[in-house]
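Colleague: The listed protein sequences correspond, in order, to chains A and B.
The first sequence begins at 1 in this note's numbering and counts up one residue at a time.
The second sequence begins at 1 in this note's numbering and counts up one residue at a time.
What the hints contain is simulated information worked out from the structure, not anything from laboratory work.
One should not assume that every hint holds.
Unchecked claim - Derived EDC-like pairs: lysine to aspartate or glutamate, alpha-carbon spacing no greater than 20 Å straight-line:
no., chain 1, residue 1, chain 2, residue 2
1, B, Lys56, A, Glu99
2, A, Lys13, A, Glu99
3, A, Lys57, B, Glu92
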Amino acid sequence: KAGVTQTPRYLIKTRGQQVTLSCSPISGHRSVSWYQQTPGQGLQFLFEYFSETQRNKGNFPGRFSGRQFSNSRSEMNVSTLELGDSALYLCASSPGQGEQFFGPGTRLTVL
Amino acid sequence: TQLLEQSPQFLSIQEGENLTVYCNSSSVFSSLQWYRQEPGEGPVLLVTVVTGGEVKKLKRLTFQFGDARKDSSLHITAAQPGDTGLYLCAGETGFQKLVFGTGTRLLVSP
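Only chain A is shown next, with the shape it has when bound in the complex:
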């Protein structure tokens, strides 16, 4: 079974731009969660989608948004990028509850 895939793996953007990251969950998994990992704040929960509906949301500004498609693939979008948005963005998939399987992440650098 293929694992969670995230694209792109690396991305460089400048302040003010917007970015879209993609996550393909494990086949059959309907839940996708997104996390931000930084050296200062560690791993923080962004949001979770299940069957195209957002079920849970972390404490991030509205510039961070996401969506899930009918095939369970998910995207997250960050608008008006700030330097502090530089981070490793991880997505995790699960059947809906229980163990979450993480992808390798997308490393975003904002200049």
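Given chain A, work out where chain B should sit, using these hints.
Modeller: For chain B alone, kept in the frame of chain A given last:
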């Protein structure tokens, strides 16, 4: 805000030594998970503990959940270089929402 504090933050030991990592919170969690993350990869789940007082063993790793389900520990016996990595505890607080600990970076030298 639910916080999970891990200690120590960094640990550098020689192969063959034993170590314990602690994960503490003032909040009660329905379950607590331990992950290991290596550079360039996402966290990989090691174990989930659910019942207060529960002890789980995974080869040389022993995990314990506190009686009040607020704290946990990870003990590694006879550490090996392959154990090197970032160890993270995480508590589940809602639909697939994990609150992660501050992390313990372990380096095991040959």
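Colleague: Taking the hints in turn, state whether each one holds.
Modeller: Hints, one by one, checked against the model:
1. With a C-alpha separation of about 16 Å, the suggested pair B:Lys56 and A:Glu99 falls inside the 20 Å cut-off, and the hint holds.
2. Distance check on the hinted pair: A:Lys13 and A:Glu99 sit about 33 Å apart at the alpha-carbon level, beyond 20 Å; violated.
3. For the given pair, A:Lys57 sits about 13 Å from B:Glu92 by alpha-carbon distance, which is consistent with the 20 Å threshold.
When held up to the earlier numbered hints, the structure conflicts with hint 2 and nothing else.
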